[in-house]
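A.B. asks: Place chain B on chain A using the hints.
This is what each chain is made of:
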Amino acid sequence: MRFCTVTSPSDDTDPEKIPSDDPSPPAGLYIHVPFCASRCSYCGFYSTTDRSRLSSYRDSLKREMTLTAGEFEAFDTFYLGGGTPSVLRRSELEEMIEDSWKVFPMTDGYEATIEANPGDVDRDFCSFLRDTPLNRINLGVQSFDDDILAYLGRRHHAGEALAALDAMRAAGLGNIGLDLIYGVPGQSLESWMETLRRAAGTEPEHLSCYELTPEPGTPVGERCSSGEDRLPGEDLRFRFFMITSEYLESMGYIHYEVSNFARGVSFRSLHNMKYWNHTPYLGLGPSAHSFAGNRRWWNHPSIGRYCSDLADNRRPVEDMETLDEDDLRFESIFLGLRTGEGIPLDLLNVREGDPAGELGSPVLERCLAGRLLEISNGRVRPTRRGLALADRLAVLL
Amino acid sequence: METIRNFSIIAHIDHGKSTLADRMIQHTGLADTRSFRDQMLDTMDIERERGITIKSQAITLPYLGRDGKNYTLNLIDTPGHVDFSYEVSRSLASCEGVLLLVDAAQGIQAQTLANLYLAMEHDLEIIPVINKIDLPAADVEKVMEQIDSELGLDAFGSIPCSAKEGIGIEDIFEAIVTRIPPPRGDSTRPLSALIFDAQYDAFRGTVVHCRLFDGTMRAGQTVMFMHNNTAYRVEEVGRFGLNREKRDRLEAGDVGYLLAGIKTVSDVSVGDTITDEQRPCAGPLPGFKEARPVVFASIYPIASDDYEELAVALEKYKLNDSSFTYQKDSSVALGQGFRCGFLGLLHLDIVQERLEREYDLSIILSVPSVRYRFTLKDGKTVFIENPAYYPDPTTIIRTDEPYIRATMMFPERYLGAVMKLCIDRRGEDSSISYPSPDRVELRFDLPLASVIYDFYDNLKSITQGFGSFDYDILDYRESSLVLLDILVNGEKVDALSQIVHRSKARERALLACDRLKEEIPRQMFKIAIQGAIGGEIIARSTISAFRKDVTAKCYGGDITRKRKLLEKQKKGKKRMKMVGSVSIPQSAFVAILKSDQA
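Protein sequences appear in the order of chains A and B.
Under the working numbering, the first residue of the first sequence is numbered 1, with each subsequent residue one higher.
Under the working numbering, the first residue of the second sequence is numbered 1, with each subsequent residue one higher.
No wet-lab data here; the hints were simulated from the structure.
Just so we're clear, the structure is a prediction, and the values are computed from it rather than from any experiment.
A portion of the hints provided could be inaccurate.
Said to hold, decoys possible - Cβ pair distances, simulated, as ranges:
{"id": "1", "chain 1": "A", "residue 1": "Asp-324", "chain 2": "B", "residue 2": "Glu-358", "range": "27 to 33 angstroms"}
{"id": "2", "chain 1": "B", "residue 1": "Lys-574", "chain 2": "A", "residue 2": "Asp-319", "range": "23 to 29 angstroms"}
{"id": "3", "chain 1": "B", "residue 1": "Asp-457", "chain 2": "A", "residue 2": "Glu-190", "range": "48 to 54 angstroms"}
{"id": "4", "chain 1": "A", "residue 1": "Asp-324", "chain 2": "B", "residue 2": "Glu-245", "range": "53 to 59 angstroms"}
{"id": "5", "chain 1": "A", "residue 1": "Ala-311", "chain 2": "B", "residue 2": "Glu-309", "range": "52 to 58 angstroms"}
{"id": "6", "chain 1": "B", "residue 1": "Ala-417", "chain 2": "A", "residue 2": "Asp-235", "range": "41 to 47 angstroms"}
{"id": "7", "chain 1": "B", "residue 1": "Gln-327", "chain 2": "A", "residue 2": "Asp-319", "range": "49 to 55 angstroms"}
{"id": "8", "chain 1": "B", "residue 1": "Tyr-359", "chain 2": "A", "residue 2": "Glu-190", "range": "54 to 60 angstroms"}
{"id": "9", "chain 1": "B", "residue 1": "Lys-574", "chain 2": "A", "residue 2": "Arg-51", "range": "47 to 53 angstroms"}
A virtual CB, placed ideally from N, CA and C, is assigned to each residue, including glycine.
The following block holds chain B by itself, in its conformation from the complex:
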């Protein structure tokens, strides 16, 4: 156990976490340069493209220290986005130390701080690493100052490096073995292991990633997942190399995996405690939470024939994503579909993209919604996240919506603009602090609904990329809500209905009408688009009719050319959804989805 080190890398998005992880793997010789794919740990295409880690990953790195000892370093890679902060906290709970990565040009950002606080909560040894020192804009001095004044860490203990260029990697390894303490624990005590991730393997079922605090785990043993209260017979345990490496047993302090014929990842809860059924530990490890979706949207296939295919794709997808939820849903306008729950908007984006890319499905997403609370005259309280189930307005006595506390950091010169953005998004109870002279930390309580669309995008653009954002879910607060419907030629497009704050209803309706007008191509008849609350029309736009759409010639006998042209148009039309006699392109649904939310 003395030669084991369990650590994680935490960083603000884009500060180079995956690159550093890759470089460290390369350094240990586990992967040779030739066979090395950049960003080994981010195995999904989307992860590599977006440069963020979605799923946690773990890998065991052998390292020969300068003291001549052979060390076993367990690197637990964590997701790098606020949507996944619970997963981050479970990964950190499995470590004794972290590398806190800071971009030498960008300095400390909100997530750097948020992650640092998390690390501190878990009492971890923190090693600041200043990355990207090769950049022309790198200012190592200044970042050291920030580390000292804003993080309150010993700046002289920080390690400058360039993960991209491979500079400073050896120093990082030495710091890990000398500064991060070895795990404490006792292999003779009852088993106590923390689940920090679970992944699906088509052949072996769920691969449970865990960290053992006490006891041992081996094949044949019957283990208990304490929160789920289920028992499994262990089939195999092992460590993470580039692939799974089977071992006889895992002991206290180890990070590894277990296979037990568990069918889906949903049978496993991240944060749960594994113990021995015969000889259980005193109690579960602290910090368990159930990952609950906070953003909801319906997914429909563009072609209703694809419904079965979508169902299969969701089932498969769900195998590997326990925080994603879905159930059947149907829309008058869009037919059969599924109501889905997501941890946040990024999570939603990822699911959408993977369905389209990996399962080759063309889908339409309805306007995302949060879960609202309605208090009714009969004293009942109902939670509604689907506008289709909006209660009869005459029965409602009170409406509430979920709030978050947002923490934003940015250079002081943007304060006015960011304040305005937050107030516009119905922010309240703000507080400002100045962790360093020219840097502002702004906290705001905001309705979750007002940030799930494009708040972060707006923040980034207002602050020219210097602004960072993090949030915690707070509570429900009273709010004046209405149901906004969108009508196309008098027909309600239920998938475009939204629950909105009364003060923003008109603005939102106008925007929806305008966006639809832009996105719906002119058709053979005039199209009226209306926004309505109840029976009252509050916004409208009109798309005039197309009147001439025929080519003059059939090119002599070359009917083939003509047919191919029209077949192409037909294909384009297939990507549209018919509502009554109006074809609405997918882009129209997307445009509504992306529009500014208030």
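Chain A with its partners taken away, still in its complex shape:
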């Protein structure tokens, strides 16, 4: 197959550069594949196990691509998420990627990720990936502890994850990310450290370590709200967070967002970073979210509704919102404070270099004195302890 690329309008390769500062930064493209072989007991994302709707989904997606073509000038990230994209047949994946590349031109040096379930990744799958334009794979490992995997309702075992990682390395795939979960009811710090050690041992380029969030309507969510299961207390959650950050940084990873670690700036997830700094992104597929300028819209979280709208040649948009200046500012603050880069000082209406005590914000003063935040190069950056309090900091500032 042939995939065309276009050249990026700006040749800015400084990884510290914040894409949103660019006058028209390339957008991100997300495709939601709402199919899973089985539902995990904690997952709140939209997906179905009913494969009979796959072909109408594929038709609809094609139509959605056509309807949204040209809306964004250029793209430099592609993300195939879900759901479980790796449950699709090779030919189906191939066609989906090919269609997308035809409609949405990718600039040079793009990042293209696929999410995969360890059980679906073997040598065959890896060599297939090498023939596609995809250049990054994110593996849903979640844990190397089989008891925890069982609790989470995952289909794979720890051994399968290790085998998948071996296969990817053997195939020469060079940009691998792992997803891990901590703070599972009953999980000890020791068990989590063991998972972290084994994960780091495989030397992935990227690690996402998410604290388990009980989503309403999921089995885990229900068990936690009924009191049947108990999430770790705030103190233990803090220690999970700190130990994760300390350990991974000692292993050479950059803690660049609350839950994300990269083995070097160039391995940060370019696509996810767009979500955090108001770079435009286009989301296709049921429940996918899009953003451009000051508008955000999202598709129906229902495959039926998604397909029927597109069958009528209608955009399957459930709702949209327009963000005013205050909304955008508040988003910049809370999203920025989740990242190691923090936020520009002027976002808080205070100036660097003012004598201490005159920043005009007692909360900021207190956070600086208490080493939750630091100021450097005109930016307010959260420290490690500050990242653990990012939501609250955003609310208070």
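C.D. replies: Relative to chain A, chain B alone:
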């Protein structure tokens, strides 16, 4: 005048006064059942909810007696709470008789007695009415016994009724016309009228409610308010129907209203005497008192931007409540606000609730205080009701606080517990009497400060609802007072400062520290809460820091969901007050306010 009857209904709280008034209005056909809103006379939401009357109301009821005569019955509804006893006395002074309402299940209570004594002082004809006879727990026999032995009234003259079910209403009307004497007075003599209430009307100014004893009043006449020494030209007079009913004139014996372009109710004093400027009466009617606030607290807007709005709301509120006072006040911790005076704690509650409900304001109240008296070394005496103005302790030679005489009635089995409560509240000079075998009337002199918080609530809970409470302000007595400050992270929260009795300071400080610890949510840093007298720390508590407060994910690109969550938290934070870098929720101020006072 022979067919006029002026009467009031007096009762202990919850004995069904408003329900009876409503039923009587309905009976006369003034309001048909369909358009009838329950408890017509209690027009404010709060009144209806709490089941108490806050403002007096009056209504004229037409009644065709069994003797074939058309009567004019003026019902003057009175407030039903000790905070408003002066207003009650002025309403009663406008009547010739009262219906003394007694709950058939609960029997005689303290306010029943207090109101009865008031009625007796005014020499009124008293008709006992036993209400709620439909209740399963009703014991009419026993209540009749009490009426006989405790009230010394003729129990056989009492009328059983159920205002709720409409039973006995006709009998009550007949008793009013046959037993209550018609007003005496002379329309040819100089005008003499008693003001028993004043209400604000946005279009017409103050509506003065009055009872004419002698003389006549008509539009165009120039009248004099004797105590206030102001003259007005009368614009309109009339009677009270369901709405105001304009008339040519009011005559001796009438109850009605007058409009004279009076701007605010504060220009009118309840209890004042109206006379004719040209032809004044010999002297004012007796019993005039100025309604003076006894409880003081500061009100602050939670968001300092709301200060102007609060100022406007208070001004509007004040239009209709002359006993409420306010002036500017400012707090280091809470910013600009107002120091307000209230007749009592219920009055304070009502003002707070109305400001929040009708004016949609979020406010914080400081700890209520009474007015203390300080004698200083330089011989001066100062009255302080705001802890912010507490004198330099080294200059004080003597401190005094106001006392009340509390009268409580309850079944004898609770005597021990109530005694303990009163002694704990620094009560003294008690006396006990037994108006009937199993009923105790306990009198205690108590510091006003010790009852303004939750004394009545405590009394009710100790006596399982059987205890009743009434009080009179007595005098100032010497007392050992100190200023208790509350510090949050070393910063004094001046709005939480309180003047307290020395013996209770530590207890009070500990309680405040504990309450604040419960109410202030954990924050990013450790918070130290301290109670201090002068520089001496006498109580402390600590709130540990919150360390993990960030959600793991941003839900793919669904930033909207995340923002909405955080915006909600932000809103919650807006309802908090920043003191230094600590956010203190409104509930923390309220918790201190409600804590046991000694």
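A.B. asks: Indicate, hint by hint, whether the structure satisfies it.
C.D. replies: Status of each hint after checking the structure:
1. Asp-324/A / Glu-358/B: 27 to 33 angstroms: Roughly 31 angstroms apart at Cβ, these two residues keep to the hinted range, so it holds.
2. Lys-574/B / Asp-319/A: 23 to 29 angstroms: Holds, since Lys-574/B and Asp-319/A (Cβ atoms, about 26 angstroms apart) stay within the stated range.
3. Asp-457/B / Glu-190/A: 48 to 54 angstroms: holds, 53 angstroms
4. Asp-324/A / Glu-245/B: 53 to 59 angstroms: holds, 55 angstroms
5. Ala-311/A / Glu-309/B: 52 to 58 angstroms: holds, 54 angstroms
6. Ala-417/B / Asp-235/A: 41 to 47 angstroms: holds, 43 angstroms
7. Gln-327/B / Asp-319/A: 49 to 55 angstroms: Cβ of Gln-327/B to Cβ of Asp-319/A: about 51 angstroms, so the range 49 to 55 angstroms holds.
8. Tyr-359/B / Glu-190/A: 54 to 60 angstroms: holds, 58 angstroms
9. Lys-574/B / Arg-51/A: 47 to 53 angstroms: Since the Cβ atoms of Lys-574/B and Arg-51/A sit about 49 angstroms apart, the hinted range of 47 to 53 angstroms holds.
The structure is consistent with each of the numbered hints, conforming to all of them.
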